Structure formats: C-alpha cells, structure tokens
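S.K.: Sequence:
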Amino acid sequence: MRQLINDGVPQQMVEKMKTDTETLKYLLYALIIALLTAIVRESLDKYTWELQQVTNCLLHFTARNSGLNPETLSSLFEDGTQAVIMNLYPPCKQANKVMDLSPDSDATGLTLLVPLNDVQRFIK
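Last residue of the sequence shown? That's 1029 in our numbering, and every number before it is there in order.
To be clear, the hints were calculated from the coordinates, so they are not data collected in a lab.
Keep in mind that this is a model prediction, so the values were computed, not measured.
Check before you lean on any hint, since a few could be wrong.
[To be verified] The calculated label-pair distances, taken between Cβ atoms and stated as ranges, are: (1) S948 with T926: 32 to 38 Å; (2) Q987 with P915: 47 to 53 Å; (3) V914 with Q958: 56 to 62 Å.
The C-beta atom is built at its ideal place from N, Cα and C for all residues, glycine as well.
Kindly generate the complete structure, drawing on both the sequences and the hints.
M.R.: Right, here's the structure in full:
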C-alpha cells in the first residue's frame, strides 16, 4: 500500500486547509477559555482575594523583619498587577528528578506557588 500525501490536491487548497484548521483551533481554544472562565470565575475571585491577604501579610512581616516601614514596602506594590497563572502538566514520570525552579523564573515581587499534585519542588 502506498501512502499519498497531497497527491493531486492543488497546493493552494492544502495551504487554505492548513490556515482554516489553525483558525478552528484558535476558535475552539477561545470557546473553551470562555466556558472555563464562566465556570471558575467565582472561585477565582475568592481565591485571588485570599492571595492578596496573604501577600499583604507577607509583605508586612518582610518589612518588619528587614527594619523597614511596612507601609513603605506595601506602597511599592499598590499599583501592581496580580496575575494567576495556571500551568497544567501531566504527572512527571520521573518525579524524583524534579528539583527546583530556575532562578530567573520569577519576574515579580512575590510568587506564591500552589502545587495541585504530589510533586514537591525544592527551591535552592
């Protein structure tokens, strides 16, 4: 048996099909995001509010332990942006090799990691 790849199909049609398939992929992704957003919006709002409380507390204690005025340190983050990033990865087959986060992975003032599985990460 011989495998045919684009034999007899005009190249323009192949390219159009590729483009349309990519468009469909993005439309489906946007639809899934919209549905998930509606489902988790309330939980996410409550969760991010709680994260703000934890962050404020951590900043307060960090400032006090550093001999700084807590309000001064907190004011540096008043106009900042809070972001929640959800990375969904399959379970690691070699969990014993998961060691740390790269030092340049945190581009923010404070990052709170919440692992949803049993893989532990140790920051050096």
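S.K.: Run every hint past the structure and note whether it holds.
M.R.: Hint check:
1. At about 33 Å, the beta-carbon gap between S948 and T926 stays in the expected band of 32 to 38 Å.
2. Between Q987 and P915 the beta carbons are some 51 Å apart, a value that agrees with the proposed interval 47 to 53 Å.
3. Under the hint 56 to 62 Å, the C-beta atoms of V914 and Q958, about 59 Å apart, fit the expected range.
The structure is consistent with each of the numbered hints, conforming to all of them.
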